[in-house]
Amino acid sequence: MSTSAPQQAQAPAPADLFQDDSAAIPREHSLVVAWWIALGAAVMFILGAVVLRPAPYAEISRFIGDGLIVTFQITIVSMTFALVLGLFTGLGRTARSSFINTLASLYVEIIRGIPLLVQLFWIYYALARFVRLGPHVSAVLGLTICYGAYIGETFRAGIQSIPQGQMEAARALGLSRTQAMRHVIIPQAVRIVLPPVGNEFIAMLKDSSLVSVLAIADMLRRAREYASRTFDYFESYTLVALVYLLVTLIFSRVVFYIEQGMSRERRDYPVTVMHRLAGVVIDFVILDLIGLPLFALVQLAMVDSPATVPVSLALMAAIALGYILFFWTKTGSTPGMMAVGLQVITAQGVPPRLPLAFKRLLLAVLPVPGFGLAFSHPALGRSALQDRWTATRVVRI
Amino acid sequence: MLDATIGQSVVEIEALSKRFGRVEAVQDVSLAVQRGEVIVIIGPSGSGKSTLLRCVNRLEVPDSGTIRIDGVKVTGQERQINEIRAEVGMVFQQFNLFPHKTALQNIILGPLVAKGMPEKEAEALAHTLLQKVGIPEKAQAYPEQLSGGQQQRVAIARALAMAPKVMLFDEPTSALDPEMIKEVLDVMLGLAEEGMTMLVVSHEMGFARAAADRIVFMDQGRIVEITTPEQLFTAPKHERTQRFLSQILP
Ligand SMILES: Nc1ncnc2c1ncn2[C@@H]1O[C@H](COP(=O)(O)OP(=O)(O)O)[C@@H](O)[C@H]1O
Ligand SMILES: [Mg+2]
Numbered sequence: 342m343s344t345s346a347p348q349q350a351q352a353p354a355p356a357d358l359f360q361d362d363s364a365a366i367p368r369e370h371s372l373v374v375a376w377w378i379a380l381g382a383a384v385m386f387i388l389g390a391v392v393l394r395p396a397p398y399a400e401i402s403r404f405i406g407d408g409l410i411v412t413f414q415i416t417i418v419s420m421t422f423a424l425v426l427g428l429f430t431g432l433g434r435t436a437r438s439s440f441i442n443t444l445a446s447l448y449v450e451i452i453r454g455i456p457l458l459v460q461l462f463w464i465y466y467a468l469a470r471f472v473r474l475g476p477h478v479s480a481v482l483g484l485t486i487c488y489g490a491y492i493g494e495t496f497r498a499g500i501q502s503i504p505q506g507q508m509e510a511a512r513a514l515g516l517s518r519t520q521a522m523r524h525v526i527i528p529q530a531v532r533i534v535l536p537p538v539g540n541e542f543i544a545m546l547k548d549s550s551l552v553s554v555l556a557i558a559d560m561l562r563r564a565r566e567y568a569s570r571t572f573d574y575f576e577s578y579t580l581v582a583l584v585y586l587l588v589t590l591i592f593s594r595v596v597f598y599i600e601q602g603m604s605r606e607r608r609d610y611p612v613t614v615m616h617r618l619a620g621v622v623i624d625f626v627i628l629d630l631i632g633l634p635l636f637a638l639v640q641l642a643m644v645d646s647p648a649t650v651p652v653s654l655a656l657m658a659a660i661a662l663g664y665i666l667f668f669w670t671k672t673g674s675t676p677g678m679m680a681v682g683l684q685v686i687t688a689q690g691v692p693p694r695l696p697l698a699f700k701r702l703l704l705a706v707l708p709v710p711g712f713g714l715a716f717s718h719p720a721l722g723r724s725a726l727q728d729r730w731t732a733t734r735v736v737r738i
Numbered sequence: 055m056l057d058a059t060i061g062q063s064v065v066e067i068e069a070l071s072k073r074f075g076r077v078e079a080v081q082d083v084s085l086a087v088q089r090g091e092v093i094v095i096i097g098p099s100g101s102g103k104s105t106l107l108r109c110v111n112r113l114e115v116p117d118s119g120t121i122r123i124d125g126v127k128v129t130g131q132e133r134q135i136n137e138i139r140a141e142v143g144m145v146f147q148q149f150n151l152f153p154h155k156t157a158l159q160n161i162i163l164g165p166l167v168a169k170g171m172p173e174k175e176a177e178a179l180a181h182t183l184l185q186k187v188g189i190p191e192k193a194q195a196y197p198e199q200l201s202g203g204q205q206q207r208v209a210i211a212r213a214l215a216m217a218p219k220v221m222l223f224d225e226p227t228s229a230l231d232p233e234m235i236k237e238v239l240d241v242m243l244g245l246a247e248e249g250m251t252m253l254v255v256s257h258e259m260g261f262a263r264a265a266a267d268r269i270v271f272m273d274q275g276r277i278v279e280i281t282t283p284e285q286l287f288t289a290p291k292h293e294r295t296q297r298f299l300s301q302i303l304p
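Going down the list, the protein sequences come from chains A and B.
The number in our numbering is simply the position in the first sequence, starting from 1, with 341 added.
The number in our numbering is simply the position in the second sequence, starting from 1, with 54 added.
If we strip away everything but chain B, and leave its shape as in the complex, we get:
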């Protein structure tokens, strides 16, 4: 998987930079994500992890650099960006479910509106996905009636409903109570096993160890090092990485 050529990258980030006023949130970052690869991004708060992810589906407009999704260069053009976003699933820290819609309605909205899928088909798909994330009985529940873990699983199903080529996760478990983290990570592990391409910002080292092909350590907007889980836990190259790891590992 790791020796795949550039042409097979699902996501290709090249010399990406983004600043907010004086803050250089992301500086000259390049990263290629191969098909089926799971990349876990770690790094201290404010190091630009979220900004990097949000640039991939253009929730943030980069200042310079290019992004390619499955070989197609992302431009700012409205029609194109909607098509690109449909191929890139995103899961947020705060779930961001639509509170006025049931779990089922949350899931079918994308296929229905953005893809023009017939309602029957979309509903069948939604039921399958709810089954997959382990809460088939919650189709008619509103987000407020669900626990945090269940909400996040609906959010994952909602993103999957668009049949994305890559999934972005921005700290999907950090708003959850400890006892609910596992149910969400299990769903993510399942996805990884199925061969989903994933870009995951998370400090859940158990997940990283089990699922990550590569781990990216970011600091102050830059990629400090890219390693494999084995290397990271046994012998991190950089002193900054060591220091960060010693903070987050028990």
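Isolated chain A (complex conformation):
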């Protein structure tokens, strides 16, 4: 497509930063394989443990289930704040005013030099001499301040990777520096930093386990509570580790697709019938045939009386089937993990009055958008994401 002169290529297009064809192909391939193996192992172990030894595992999973929600809540709230703080930090780090610049740099240097655990202790215990902050506020504050610094650095790198000519062209049109940042630089930088920010999100999800020291009932804390009562340390912590692994694997895949989408988009290879077929099959098999029953089992573990197990099982199967049919007829795509997300979000007492749009977003994004479709072709992944967004309206949460 490109017929222009060689000089034109000197400034790398943003997407090129993430691809290096010669080196990337084999490494990416083995990463994909490793990912499937890890995912399969995690799913099998969790499933196997809950089914084969329901005695401790089912109860543990019920116990840590609430904790997982808390983990997500803390992470999502902190990440939202950290993104805002990070954007301002990144802008501050690239500002011309040396005062603002120094201020932002100082913040980054100081915060990056102190371990998150120490920061959390300091905010919760040391700061108590002046202000008493509750554990949740302390946790969110600690994670926000810490990740604001890291994300700020990511934004700075993103902003600085935009060729100088972009700012010059915008200024030459008569735009002020602020207008140029807003309309020209930041929109481009955001695309570039999306994958690294996604990775920060995953890192935060894992680091949020540190807030258990502030007596917040996150997943790790819940497991500890359970274990200290029953002395099932091995079982509790193993399950916690597996759940973290599973969640992280899923999110890292999402980030991977974002990266892929950004680099492949430009190559524009056509969507064939095979892509669609492969995508639908992967989606259906992995998510609907494995994901839904897995979720049903987790739900089952939350049911108190074991006597009702067969009934619950049947109920779950019916629900799963209902979902599949419902979404298939409404949107033309199978629901898969979407249904799981729907359950989690609408589950009784789970989300504390979240705004509707936020629930929708969670539904559309969190439960692995068009997993198999994205796997076979990024463009399909995008349209699947849109489908899911539409579906959240169809369901009217």
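There could be a bad hint or two in this list.
Claimed, not checked - Examples of chain A residues toward chain B, derived with CB under 8 Å: (1) Arg512; (2) Ser517; (3) Thr519; (4) Pro528.
As the list claims (entries may be wrong) - Just the calculated beta-carbon pair ranges, DEER-fashion: (5) A:Thr519 to B:Val115: 11 to 21 Å; (6) A:Ile455 to B:Thr182: 54 to 64 Å; (7) B:Glu137 to A:Ala556: 35 to 45 Å.
Derived from the structure by calculation, the hints contain no laboratory data.
Think of the CB as a built atom: it goes at the ideal place given N, C-alpha and C, for glycine as much as any other residue.
Dock chain B with the ligands against chain A, hints included.
For chain B with the ligands alone, kept in the frame of chain A given last:
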């Protein structure tokens, strides 16, 4: 046109100097560009042509000397400089189109944001300008979907959208494949014929011959000579100019 008085200069450069560390990029340059005049600047690489142009709309801050645009002295003051830049269109060697925006969006950004023009009006203007540069069908294309020549034509349309009083071109065709140079030069020739005031750094001698009112030869940050195209090609005064011409002319 040439005998216009100083008061009618669209761009007036006076005793301009700019250095980068030890390098004297521009030294004591004075030049007045009359309304409707086309000036082509030539000279070896590193002679300060780009720096001179970039000082005009203050992409570079001069060390000394003054610039007047349509009689208004350019100061460093932020509000003023944005107004001045809106009146001075610039076309870059590397096009510098905004890759995340379509051709249309590239063109309407300036009017929309810097001038506060209503969107409908800006879009109508953009379509007219795309027509003018000969690619009306590319309104919805992203820069990466356009050839180099098409990109540069969108860049010209983007600059024109601000209805500038003068257009600066910094080697607009030197990043282009040979077969695309003509389509860009044709657009520039059209502009010159319409009476646009233009300051063009270019070594396209065909364009200079056809459009230039005056040709400025620069070397080592200084203006060596200012001539007309006829004089330049028949009898350049300075030996340095002769040597340079013999290098670039076939
Ligand atoms: N941003 C800069 N920093 C340092 N030196 C520069 C910069 N821009 C230009 N120069 C130097 O100034 C001189 C003139 O450059 P330039 O105006 O780009 O010349 P031309 O456009 O005629 O090739 C050159 O020696 C160049 O190396
Ligand atoms: Mg130059």
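So, going through the hints one by one against the coordinates:
no., hint, verdict
1, Arg512, "holds (6 Å)"
2, Ser517, "holds (5 Å)"
3, Thr519, "violated (10 Å)"
4, Pro528, "holds (5 Å)"
5, A:Thr519 to B:Val115: 11 to 21 Å, "holds (19 Å)"
6, A:Ile455 to B:Thr182: 54 to 64 Å, "holds (59 Å)"
7, B:Glu137 to A:Ala556: 35 to 45 Å, "violated (59 Å)"
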